[in-house]
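From just these sequences and the hints, can you work out the full model?
Here the sequence shown stands for residues 29 to 164, where the numbers follow this note's numbering.
Worth flagging that the hints you see were computed from the coordinates, not collected in a lab.
Don't take each hint at face value.
[What the hints assert, rightly or not] In silico lysine to aspartate or glutamate, DMTMM-like type, Cα no more than 20 Å apart, as pairs: (1) K46 to D109; (2) K102 to E36; (3) K73 to D109.
[As the list claims (entries may be wrong)] FRET-style restraints, in silico, Cβ to Cβ: (4) T154 to K37: 16 to 26 Å; (5) S89 to G45: 41 to 51 Å; (6) I156 to S70: 35 to 45 Å; (7) I122 to Q85: 23 to 33 Å; (8) E128 to N38: 42 to 52 Å; (9) Y123 to Q153: 29 to 39 Å; (10) I106 to Y133: 34 to 44 Å; (11) T160 to I132: 35 to 45 Å.
Every residue gets a Cβ at the ideal spot worked out from N, C-alpha and C, and that includes glycine.
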Amino acid sequence: MKFKLLKEKNFSLLMFGKMTSLIGSYMQSFALSLFVLNTTGSATKFASILAISLIPQLILSPFAGVIVDWFYRKNILIILDLMSGIAVSIFAVIYFITGEMPLIYIYTLVIILSLISTLDNPTLQTIIPTITKKKI
29 MKFKLLKEKN FSLLMFGKMT SLIGSYMQSF ALSLFVLNTT GSATKFASIL
79 AISLIPQLIL SPFAGVIVDW FYRKNILIIL DLMSGIAVSI FAVIYFITGE
129 MPLIYIYTLV IILSLISTLD NPTLQTIIPT ITKKKI
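Take a look at the structure:
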């Protein structure tokens with residue numbers, strides 16, 4: 029049974045952390061889309077936020093695995109999560125200072141987060157065998 033893997037402390041911690049991060053990322057993506065719908069009233073702009081997030085994935089995905097292999101995976105995961113948090117924080121500060129968030133800023137944030145996610149996924153997949161102690 030594959031449930032033996034859940035008894036591995038490092039694996040369980042990584043999966044719990046990534047699950048929490050993914051839930052937050054999906055909620056944020058949906059919230060940004062709803063924010064655009066609420067502020068513009070345009071369903072087209074709402075859908076464009078969702079569509080724009082796919083473009084970096086389509087372009088970068090074929091190369092993401094190669095890029096990930098060049099660096100130490102643990103550092104990549106940490107740096108990508110930090111970059112994601114910093115990007116969101118910068119845009120949140122801009123919104124709180126100015127009281128507005130132009131659509132181009134939201135598009136930029138979505139593209140940045142999508143690029144980060146595109147590199148994060150193969151890193152997570154390739155680090156799993158290295159954090160488990162025994163072959164299961």
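Taking the hints in turn, this is what the structure says about them:
| no. | hint | verdict |
| --- | --- | --- |
| 1 | K46 to D109 | holds, 10 Å |
| 2 | K102 to E36 | holds, 17 Å |
| 3 | K73 to D109 | violated, 27 Å |
| 4 | T154 to K37: 16 to 26 Å | holds, 20 Å |
| 5 | S89 to G45: 41 to 51 Å | violated, 23 Å |
| 6 | I156 to S70: 35 to 45 Å | holds, 41 Å |
| 7 | I122 to Q85: 23 to 33 Å | holds, 25 Å |
| 8 | E128 to N38: 42 to 52 Å | holds, 44 Å |
| 9 | Y123 to Q153: 29 to 39 Å | holds, 34 Å |
| 10 | I106 to Y133: 34 to 44 Å | violated, 26 Å |
| 11 | T160 to I132: 35 to 45 Å | holds, 44 Å |
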